[in-house]
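Starting from the given sequences, assemble the full structure and let the hints guide the process.
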Amino acid sequence: MKAVILAGGRGTRLSEETQTKPKPLVEAAGQPLIWHIMQNYAKYGITDFIVLAGYKGQQIREYFANYWLHQADITFDLATPEREIHKVRSLPWKVSVLDTGIETNTGGRIARLRELLNEDFLLTYGDGVSDVNIEKLISTHQTSGNVATLTAVKPPARFGALNLTGGQVKSFQEKPEGDGAWVNGGFLALTPEIFNFLGGDDSSLEIDALPNIAKLGKLGVYKHSGFWQPVDTIRDLQRLEEAIGKGLLPWI
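For the numbering used here, count along the sequence shown from 1 and bump the result up by 173.
Keep in mind that the hints were calculated from the coordinates and are not lab data.
Be aware that one or more of the hints could be misleading.
Below, computed lysine to aspartate or glutamate pairings styled on EDC-like, alpha-carbon distance capped at 20 angstroms [said to hold, decoys possible]:
no., residue 1, residue 2
1, K194, D409
2, K229, D272
3, K229, E190
4, K194, D405
5, K391, D293
6, K391, E379
7, K229, D405
8, K175, D272
9, K267, D221
10, K267, D293
11, K216, E308
12, K309, D293
13, K391, E292
14, K309, E292
15, K260, D246
16, K194, E235
17, K229, E189
18, K309, D221
19, K267, E235
20, K327, D304
21, K175, E288
22, K391, E366
Okay, here's the thing in structure tokens:
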């Protein structure tokens with residue numbers, strides 16, 4: 174099964190980083206977000222990726238074209254164009270990078286794959302890192318008969334909480350759970366029927382397609398209670414790096 178990664182947005186809320194690079198190439202612990210995302214897919218045997226690029230997409234192409242240059246120990250002989258690679262963490266991945274336009278919405282980007290995919294496929298965003306169990310997501314989807322299956326997560330609250338008794342603060346709760354609501358965690362499994370719910374470049378997966386699929390009773394859910402960290406702000410990026418420092422990501 175192929176994994177499709179939406180990687181074309183401008184990432185304006187992370188402008189400190191995205192003025193010079195596309196958001197999926199923002200680094201956490203020395204590796205781009207897209208590398209972390211792909212590592213989790215690869216853990217479950219998913220190694221065929223389609224990256225839907227847009228904003229600064231050429232940099233994504235250059236990253237994969239020069240992957241060994243980024244990862245290896247290399248000796249350069251400046252008298253010749255030769256180079257000797259001493260050590261590299263090679264990966265058995267196949268990566269296709271498609272230009273889907275700078276202003277194209279999420280549904281429009283996915284719709285560009287209509288003629289390329291005629292089987293079930295996986296989909297995620299290039300700015301959310303998780304240890305979601307891809308095998309269980311696929312199994313849930315394939316036994317459901319649904320057009321789409323999304324991963325639901327319970328995000329933690331962004332702010333600390335106060336435990337109060339009357340007019341007194343009794344204690345602080347630094348990272349309480351959220352309000353208990355499940356939200357779309359951004360890891361989906363889809364059938365080719367999804368293309369029937371997508372329009373032109375202005376089409377939105379989240380606003381146009383998924384609500385209509387839900388109305389038909391064809392939108393399933395896989396609940397994930399493990400690690401999940403979207404990266405929308407510098408603070409989100411810091412949270413991800415803190416999690417990596419604590420060893421919460423199995424591929425690090």
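What are the numbers of the hints the structure violates, in ascending order?
Every hint satisfied by this model.
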